[in-house]
Amino acid sequence: MYLYLPVALTSINIFLPVGLGLIVGMLSGLFGVGGGFLMTPLLIMLGIPSTVAAATDSNQIVAASTSGTYAHWKVGNVDFKMGIYLLIGGFSGGLIGVEAMKVLRAMGNADFVIKITYVLMLGIVGTYMFLESLSSMRKKKSEEVKGEKESKISAFLKSLPLQTHFEKSGITHSVLVPIFLGAVVGILAAIMGVGGGFVMVPIMFYVLKMPMHVIVGTSLFQILFTCIEVTFLQSYTNHTVDFTLAVLLLLGSTIGAQIGAVFGRKLKGEQLKVLLAIIVLAVTVKIIFELTLTPSLLLSQAGGH
Amino acid sequence: MRYFISTNRVLIIFGLLTLLLLPVSMDDAFAEITANAKHDHITINSFYHGTTVTISGFSNPRDADLIIKLTSPDGLQSLRKKGKVASFLWMNTGELKIENVPNVYFLYSTRKIEDILSREEMDKYVIGYPALVKHATINVSAGEEKTKWFNEFIKFKESSKLFDTSVGKISTTKKDRKQDYSILTEWPYQAPPGNYTAAVYAVKDKKVIETAAVNVFVEQVGLVKSFADMAKNNAALYGLISIGVALGAGFGVGMVFRKSGGAH
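Read top to bottom, the protein sequences are chains A and B. FYI, our numbering numbers position 195 of the first sequence as 195, with every residue one higher than the one before it. Basically our numbering = 1-based index in the second sequence + 1000.
Hints in this document: simulated from the structure, not taken from any laboratory. Misleading hints may appear alongside valid ones.
[Stated by the list, open to error] Simulated pairs of lysine-lysine, BS3-like, Cα-Cα distance not exceeding 27 Å:
id	chain 1	residue 1	chain 2	residue 2
1	B	Lys1097	A	Lys115
2	B	Lys1038	B	Lys1161
3	B	Lys1161	B	Lys1124
4	A	Lys102	A	Lys168
5	B	Lys1084	A	Lys115
6	B	Lys1169	B	Lys1204
7	B	Lys1155	A	Lys286
8	A	Lys102	B	Lys1178
9	B	Lys1155	A	Lys102
10	A	Lys102	B	Lys1038
11	A	Lys81	A	Lys286
12	B	Lys1178	B	Lys1206
13	A	Lys286	B	Lys1084
14	B	Lys1146	B	Lys1097
15	B	Lys1225	B	Lys1038
16	A	Lys286	B	Lys1169
17	B	Lys1081	A	Lys286
18	B	Lys1081	A	Lys115
19	A	Lys102	B	Lys1204
20	A	Lys115	B	Lys1082
Bound-form chain B, shown alone:
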């Protein structure tokens, strides 16, 4: 009996101590992050010239750094390589195939990625170009050759506006224990239709403590969709219409010039 009472006491004391310590450790133990996208359904019509997407939410704890990664699903990228032939002529020298790599990859962070996240965490969540290289499979020999061609790949993607990394574009406002964050991203018209994911990472002590994600869907509509579908699914008719319109336009303009006397 005596033994039973002392156990209860121990439990009560332990419970009280836990309650006392709770506010101190709550910040880390109950990390929280949300993500919403304003304009998460982008429609491409004939006059589409890119758009903007706002990603916002809040994070708890308020002092966490934030990383936002906007990507398309991983897939295969096939590109033509240029190299020197006969030591002075630049020509196509083969195909570069990269697997497990997204077509679109945008990375935004509150501070420089290397300063806020450990190498292991970067690799785990595929954050940053070095992590992307490790994640991808490339059809060249490992080492210098792989680094060289992956760097060329990034250069090519950045020039096509499909890859980008930037620091400091995420705006944050501290509120009580939380911080509200928001970023207005320029959505390039070069990004093709498809499903995209915006993953938001709350980072503290070089570790990801919480993640949230939101989807962005891009699709073609109206005439754009009709033409794109026809080009793929009804290629023969599409080809014949293209030729017919070109012939008609050629003759039409010829007739107009003849009538207006432009040809004489």
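Next comes chain A alone, as it looks inside the complex:
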């Protein structure tokens, strides 16, 4: 059964976006990522113009992350306090990132620098996460050695003013820490043109030391607000949100997010980390292929980021 999409100006078999939404929603509920890395290129493959694909994806992520946040909140796995500080940072970071992007573009060759940085960053984060979680799954004893190494960073973080306790995560940090880290991710997200889930989740784990299950719920909470902002801006300034397509996608993704959250609770934190690391590495490899293999078409629709 086909449905015509008024903004994308194309017709689509309704089972494709619903199925796609289900799969991406599951990843979202499981790992606390938006899933744009998978959804946007697949929508383009289905014939949706790239600008509409990216904008509509952010609209469906609003639904998937609401569903996912709700599922995680029910079992007490969302640290709202931490999420709000990260959001404050993320919002200001996004504004800085947009300005930085203008400067980079004016300097020329910005795309090259951005893509290379993105690939390197994902590659390093993915590899580190993969190796670290594998070794900690094997032996838990190494914590003592690690403790020595990390004490310097911990001491520095503890010396910062405005220390506050985050009850849900069971940690104490200066409010400046999540605001700063949120800003870093916000800048990166604005420059790279992707959501910050892949960067935010590892930062929450390795720097903020939050428990893995709380990370997923809190990351979704933060993604929810970021995508609300992006959806509004995209529909207001670019008119590229296709509501019909978004509804088809969210039919699948809201349910998928719930299923993902259920699976997530059955997995241990380390297992979740290994799986996420594998996905991050797979995305890295995909981008490397995209960058090096000759594309079948040398032109694409202009517009968007």
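Dock chain B against the given chain A, drawing on the hints supplied.
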């Protein structure tokens, strides 16, 4: 007086001769072609998945070749170019702007265009991709670079189902001095709303001897039109509704799962 009579005679003889020659040359001198479109008003509703448009008519002389060109009005096409950076990485390297080019271009002919039409006539009536290149203005240096990017443009348009050329799809039936023609075209759902023109050319001796045209109008209706209009003209409200529905759906599904115990 004698002079007057002889002039009359000359005129009469000339008139008779003209009448005698008329049937021989009539085919060319009074070339005729008509064009009609069945389904010339296409409406796009929620379940639209493309349609078919039949273009038919007759041509006189009966042995003329036919070319049908279905196009949208000329305009500007902006596309992103991909190129090699640092000699091994494929990235966006700038924008390709092509002016004076249609968004949709379908060409059907009874025989291969190059075999039935001269290069000059092709250029004059913008028939065929080579003529389209000459007709368009493109923001790259002339020569190889222009040909390369125009070929890429055609490849991109063909992959989007908005450009196509085909030979032999026009069916013809000879009748007395005329020939009836008809073509059933698959109208792609990718073709956006707007006004289209189907121009029919009767071709003989490598020249266009007559043309006819018919318009095809494509418009959105019902919910499709309401959404498209709202997205453009009432963008803030459209954005807020999109967000509201997404939030509602997220919460709604969350509640359903909670009630059904799916989350535990």
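Hints, verified against the model:
1. B:Lys1097 to A:Lys115: 25 Å, holds
2. B:Lys1038 to B:Lys1161: 21 Å, holds
3. B:Lys1161 to B:Lys1124: 25 Å, holds
4. A:Lys102 to A:Lys168: 39 Å, violated
5. B:Lys1084 to A:Lys115: 13 Å, holds
6. B:Lys1169 to B:Lys1204: Distance ~19 Å between Lys1169 (chain B) and Lys1204 (chain B) Cα, so the pair holds.
7. B:Lys1155 to A:Lys286: 24 Å, holds
8. A:Lys102 to B:Lys1178: 64 Å, violated
9. B:Lys1155 to A:Lys102: Cα-Cα ~32 Å, so violated.
10. A:Lys102 to B:Lys1038: 51 Å, violated
11. A:Lys81 to A:Lys286: Outside the cut-off at roughly 35 Å; violated.
12. B:Lys1178 to B:Lys1206: Given that 27 Å is the threshold and the Cα spacing comes to 19 Å, the pair holds.
13. A:Lys286 to B:Lys1084: Given that 27 Å is the threshold and the Cα spacing comes to 18 Å, the pair holds.
14. B:Lys1146 to B:Lys1097: 11 Å, holds
15. B:Lys1225 to B:Lys1038: Between Lys1225 (chain B) and Lys1038 (chain B) the Cα gap is close to 23 Å, so the pair holds against 27 Å.
16. A:Lys286 to B:Lys1169: 42 Å, violated
17. B:Lys1081 to A:Lys286: 20 Å, holds
18. B:Lys1081 to A:Lys115: The hint holds at about 16 Å.
19. A:Lys102 to B:Lys1204: Violated. Lys102 (chain A) to Lys1204 (chain B) sits at ~58 Å, over the 27 Å cutoff.
20. A:Lys115 to B:Lys1082: Distance of about 14 Å is within 27 Å: holds.
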